[in-house]
Amino acid sequence: MIQQLNFGDLLPYWDVFARGLVFTIVLTLTSTVAGLALGTAGAWARTFGPKWAGAVTRVYVEIIRNTPFIVQLFFIFFGLPALGVKLSEDVAAFIAMVINLGAYSTEIIRAGIEAVPKGHLEAGASLAMSRWEIFRHIVLKPALMKVYPALSSQIVIVMLGSAVVSQISAEDLTYAANYIQSRNFRAFEVYIVAAFLYLLLAIGLRALLRGIGRAMFPKG
Amino acid sequence: MSLVSIRDVRKSYGAQEVLKGVSLDVGRGDVVAIIGRSGSGKSTLLRCINGLETYQAGAITVDGMAVGDGKTDLRTLRRHVGMVFQQFNLFPHLTAGENIMLAPTVVVKEQKGEARAMAEALLEKVGLAGKFDSYPSQLSGGQQQRVAIARSLAMRPTVLLCDEITSALDPELVNEVLKVVEQLASEGMTLILVTHEMRFAREVGTKLVFMHQGRVHEEGPPKALFANPATPELAQFVGHQN
Amino acid sequence: MSDFSFWIILQNLLLATRWTILLSLIAFVSGGFVGLLLLLARVSHSKTLRVLSIGYIELFQGTPLLMQLFLFFFGVALFDIEVSPWVAAWLALTFWTSAFLAEIWRGCVESIPKGQWEASESLALTYWEQMRYVILPQALKIAVAPTVGFSVQVVKGTALASIIGFVELTKAGTMLNNVTFQPFLVYSLVALIYFALCFPLSWYSKRLEGRLNVAR
Ligand SMILES: Nc1ncnc2c1ncn2[C@@H]1O[C@H](COP(=O)(O)OP(=O)(O)O)[C@@H](O)[C@H]1O
Ligand SMILES: [Mg+2]
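Heads up: the protein sequence lines correspond to chains A, W and U, in order.
In terms of the numbering used here, the first sequence has 176 at position 174, counting the first letter as 1, and numbering is strictly consecutive.
In terms of the numbering used here, the second sequence has 221 at position 208, counting the first letter as 1, and numbering is strictly consecutive.
In terms of the numbering used here, the third sequence has 253 at position 146, counting the first letter as 1, and numbering is strictly consecutive.
For reference, chain A alone in the conformation it holds in the complex (with noise of 0.2 Å):
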């Protein structure tokens, strides 16, 4: 026997929707700039840097990839107190998305800045530039331009992974969702309309990394 299903309680509530669905995207576009910036910077250290940059970067990336992210978040909000280093819901969800994300990028801007032709390396010696000014002028863009559609798979998925930030009670759309089945007991309709506004995320976000993808790299 198959219940009702009714969408009509949920109504009410929209507003808590609304606050979710904006904690999750004010959560994804900062933590995504902060991650690809950690993320340049953790693919400098592993190609440009210096031997041990290179080498507490490559530890750093594995500890991350090999963890679940929810083990990471917990640890951060739970474990860290414990050193005497006490964040907010926010801050550990910003901070978790920021570090996840940075190192999956590392690896992923690495493989671009790998593909470089190392002529071009030699170009940019030959014409006396420093290997911070060939990092910055020669190297950099087009990584970043050949990687690009990989980075915006990426920032998709933890996107979507962090809709976990709601266990630590950080306000994301996961926990408005939560709230919201606790108070009207409709739990599946609930989650129905929170994953496709998830899908509607996932959506606009990539459609809004292509537009940003157009204007950076006019050529690609």
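Because the hints were derived from the structure by calculation, they are not lab data.
Where hints are given, some of them may not hold.
Claimed, not checked - In the SDA-like style, the derived pairs of lysine to any residue whose C-alpha atoms are separated by at most 25 Å in a straight line are:
| no. | chain 1 | residue 1 | chain 2 | residue 2 |
| --- | --- | --- | --- | --- |
| 1 | A | K120 | W | P149 |
| 2 | W | K122 | A | G10 |
| 3 | U | K313 | A | R212 |
| 4 | W | K125 | A | L142 |
| 5 | A | K148 | U | I211 |
| 6 | A | K120 | W | R92 |
| 7 | A | K88 | U | N285 |
| 8 | A | K88 | U | I211 |
| 9 | A | K120 | W | G83 |
| 10 | W | K192 | W | T219 |
| 11 | A | K53 | W | Y26 |
| 12 | W | K122 | A | S132 |
| 13 | A | K53 | W | L87 |
| 14 | A | K143 | W | Q124 |
| 15 | A | K120 | W | Y26 |
| 16 | A | K148 | W | G154 |
For chain A, the structure is supplied; the task is to place chains W and U with the ligands on it using the hints.
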């Protein structure tokens, strides 16, 4: 005193000795054409001159600066030594003009406006006025190589190294590049070029260097050497080529 | 005292790890099976099948795994069937895994040069025969590395089953934390165990990838 002096330079890759004691003097305004079989060490020698490769023994000086002694800053050296590559190596994300402006603005900290004016003048000089805003992918191989030459010239080098700069080009595009090089030679630019263009080496070169198995096997005035090779190897090489 | 609780914590975590491993294995196998069907639909000549499979993939790649878990957990209950977290987690991970594997494998199939299709077509093989005897065997070789690589995502994905109450490694960590009040130690150990599970897979995947590049 010669502008570029190479004294008994030895260079190995692992156990393989690629340069077995090379000596060479290049005076100001000389046009030195280096010829020789593939694998004889021509590129390696050229790359030692601007420090792209290190060598194990001997000495190289350019305009009084010692290369590869660990004391001379390579960046200082490279501001005086330009290099043009077989594969052009233009930066694909920059336009022709931006390729030329990059080093002057980043390395020399020239004003954008000045650098731009110079880039435009250089493009005109290599016959590419109006291609300032073209990306490398929109240019033919010959045009790309001419942009690469202009890019090197933007640093006002005292000597320009060219490593088989026409070898990657379709035959019909070779001449437009050689003409630019010839013009540079006539203006008194010091040039060291590795080339397979024998006619060009004979007509434009002031000195011919024949490399064989990691050594300078023969050197002298091009016309004389082509007419009367002293060694059977050069005789065979030019005979084979012609 | 603290030494004593360390071993208790570790022991309990390792016991719970069995469930992480089991759920990962089952989800990976069933996800792989569904993924294969999905792949065949995705590359078939039937437009309906293609559109359906694209929709399926979009849906499961475009929504959080956590939402999928909730939906299976609460959705099956709508049919008045009591659903255990275990079944909900298995179902959700299967669907989620299948979508990603199908997409990974499609990339492998499409990377086979067109000439292979044309050559086998000129041998009068039917589409499915070409697929079965020429394309898939080659695609399989390329697919091993990214498939092993994705298994890492599956292992990590099982951690979310803790949220619907399935007691695996992460849930055990949370429970132990609630009784020992040693979050730093507990979550460090949890992370370490996940790392011990995932790192060998990542490493092996990378090695396979490297070997393939050398072979070509
Ligand atoms: N990076 C390198 N590593 C090892 N061997 C090299 C390298 N570059 C060149 N060689 C070897 O050095 C020799 C001379 O090369 P090269 O200077 O490029 O010759 P040429 O330019 O005259 O064709 C060749 O045998 C080549 O295989
Ligand atoms: Mg060469």
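Going through the hints against the structure:
1. A:K120 <-> W:P149: holds, 17 Å
2. W:K122 <-> A:G10: violated, 66 Å
3. U:K313 <-> A:R212: violated, 29 Å
4. W:K125 <-> A:L142: Answer holds: K125 of chain W to L142 of chain A is near 21 Å, not above 25 Å.
5. A:K148 <-> U:I211: This hinted pair holds, its Cα atoms lying about 19 Å apart.
6. A:K120 <-> W:R92: holds, 20 Å
7. A:K88 <-> U:N285: holds, 18 Å
8. A:K88 <-> U:I211: violated, 40 Å
9. A:K120 <-> W:G83: Between K120 of chain A and G83 of chain W the Cα gap is close to 23 Å, so the pair holds against 25 Å.
10. W:K192 <-> W:T219: holds, 16 Å
11. A:K53 <-> W:Y26: Given pair K53 of chain A, Y26 of chain W holds - Cα atoms ~23 Å apart, limit 25 Å.
12. W:K122 <-> A:S132: holds, 13 Å
13. A:K53 <-> W:L87: holds, 21 Å
14. A:K143 <-> W:Q124: Roughly 23 Å between the alpha carbons, so the hint for K143 of chain A and Q124 of chain W holds.
15. A:K120 <-> W:Y26: holds, 18 Å
16. A:K148 <-> W:G154: holds, 23 Å
Of the numbered hints listed earlier, those contradicted by the structure are 2, 3, 8.
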